[in-house]
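J.: Taking the hints into account, I'd like the entire structure generated from these sequences.
Number of protein chains: 2
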Amino acid sequence: MSERMECHALRFFESMVTIKLICVGKIKEAFYRDAADEYRKRLSRYAKVTITELQDEKTPDGASVAEEQAILAKEGERILKAVSPSDYVIELAVKGKTFTSEGLAVHLDALMLQGKSSIAFVIGGSLGTSPEVSARADEHLSFSALTFPHQLMRVILLEQIYRSFRILKNEPYHK
Amino acid sequence: MSERMECHALRFFESMVTIKLICVGKIKEAFYRDAADEYRKRLSRYAKVTITELQDEKTPDGASVAEEQAILAKEGERILKAVSPSDYVIELAVKGKTFTSEGLAVHLDALMLQGKSSIAFVIGGSLGTSPEVSARADEHLSFSALTFPHQLMRVILLEQIYRSFRILKNEPYHK
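Order-wise, the sequence lines are chains L and R. Just so we're aligned, residue 13 is where the first sequence starts under my numbering, counting upward by one. Just so we're aligned, residue 13 is where the second sequence starts under my numbering, counting upward by one.
FYI, nobody ran anything at the bench for these hints, they're computed from the structure. There's no promise every hint is true.
All copies of an identical chain are treated as equivalent in the list; a pair is satisfied when it fits inside any one copy or across any two copies.
Here are the computed lysine-lysine pairs in the DSSO-like style, where the Cα-Cα straight-line distance is at most 27 Å [claimed, not checked]:
hint : residue 1 : residue 2
1    : LYS181    : LYS40
2    : LYS128    : LYS70
3    : LYS181    : LYS70
4    : LYS40     : LYS128
5    : LYS86     : LYS181
6    : LYS107    : LYS53
7    : LYS60     : LYS70
8    : LYS181    : LYS93
9    : LYS86     : LYS53
10   : LYS93     : LYS38
11   : LYS53     : LYS38
12   : LYS107    : LYS86
13   : LYS40     : LYS53
Since the model is a prediction, treat every value here as computed from it, not as a measurement.
T.: Shown next, in the form of structure tokens:
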């Protein structure tokens, strides 16, 4: 990592960024809850972290397209209520942009330097997100072409944001 | 999923495939151990599952290229000893092939139909794997451009293999 990057890292310490996770659905498995809690705790050394868990809608087996759209619309309204006008919104989406871990760190650094002081990551429900949520998002980020359970996705996201800060601070991080 | 696929799924039940995970390094965090145990248990309904944890070498801070190569060589020897000649070896590598979850399921199905009765997934240590391991691998699979901790990678891999079998069996799987 260059000196330039270390200097950036110091800058966000002076005015701690807020990292919001806005998630549809609760974490049920104890091991995922413990994992998410652990990374949230570690991340809180670098950022103010808030996690908003929104109620998910049950998707009946064999739901019609109209039923699915109604579910997405309801969940989408809840997501949009949880977002503040000043939030920079990053939606996790299979078809979003991909990054390496170093690339993601540099990208988050650039956002913070641009003055984005509240970055909200949105993890949709099992059907994804509504067009309204996608339209509100400032960008779309893909972690994998694979579909992960949303509980696991939350752990992966927290770990990668934590890793980004470690990279930006030039702190060692054992894989 | 088509009838064709269901038929395939029934076939591997008759002769259960062996899924081996060959991993460098132990799982230290209780939540990752619990998560891995849970998916291993679920997966064991569809396949014989073995998990081999190999000793990792400590990588000193600021290790030279030669030191890193020596570490990779040692870990590589352990990996190759854990692989059987008849194993179909899939190495997880950032630069490998990518799949969707459905694509991975179809790919594993095809391998099983080709008579691969023992599929060994290799997760290397923090430096990756040696050229000898890469050469032994029948294919290289990438789950993400991001770097995950190896403990988390093991959970993600087990979950995706389990998900593959659920997809091939046309069983519902909640995200």
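J.: If the cutoff is 27 Å on CA atoms, where do LYS128 and LYS70 land: within, between, both or neither? Let me know, please.
T.: Neither way: LYS128 and LYS70 sit 34 Å apart in one copy and 39 Å across, limit 27 Å.
J.: Have a look at LYS60 and LYS70 and pick one of within, between, both or neither, based on CA distance no larger than 27 Å.
T.: neither (31 Å within a copy, 33 Å between copies)
J.: Within a copy, between copies, both or neither: which one fits LYS86 and LYS181 at a CA-CA cutoff of 27 Å?
T.: Neither. Shortest intra-copy (40 Å) and inter-copy (31 Å) distances fail the 27 Å Cα cut-off.
J.: Between LYS107 and LYS86, at a C-alpha cutoff of 27 Å, which is it: within one copy, between copies, both, or neither?
T.: within (22 Å within a copy, 39 Å between copies)
J.: Given identical chains, is LYS40 near LYS128, meaning Cα to Cα at most 27 Å, within a copy, between copies, both, or neither?
T.: neither (32 Å within a copy, 36 Å between copies)
J.: For LYS86 vs LYS53, is the C-alpha pair at or below 27 Å within one copy, between two copies, both, or neither?
T.: neither (31 Å within a copy, 35 Å between copies)
J.: At most 27 Å between C-alpha atoms: does LYS53 with LYS38 qualify within a copy, between copies, both, or neither?
T.: both (18 Å within a copy, 23 Å between copies)
J.: Using 27 Å as the alpha-carbon threshold, which applies to LYS181 and LYS70: within, between, both, or neither?
T.: between (42 Å within a copy, 22 Å between copies)
J.: One pair to classify: LYS181 and LYS40, alpha carbons no more than 27 Å apart. Within, between, both, or neither?
T.: Between copies only: 24 Å across chains, 33 Å inside a chain, cut-off 27 Å.
J.: Between copies, within a copy, both or neither: which fits LYS107 and LYS53 at Cα up to 27 Å?
T.: neither (30 Å within a copy, 31 Å between copies)
J.: Is it within, between, both, or neither for LYS93 and LYS38, if the alpha carbons may be no more than 27 Å apart?
T.: within (17 Å within a copy, 42 Å between copies)
J.: Could you figure out if LYS181 and LYS93 sit no more than 27 Å apart (CA to CA) within one copy, between two copies, both or neither?
T.: Close neither inside one copy (33 Å) nor across copies (39 Å); limit 27 Å.
Checked against the numbered hints listed earlier, the structure breaks hints 2, 4, 5, 6, 7, 8, 9; every other hint is satisfied.
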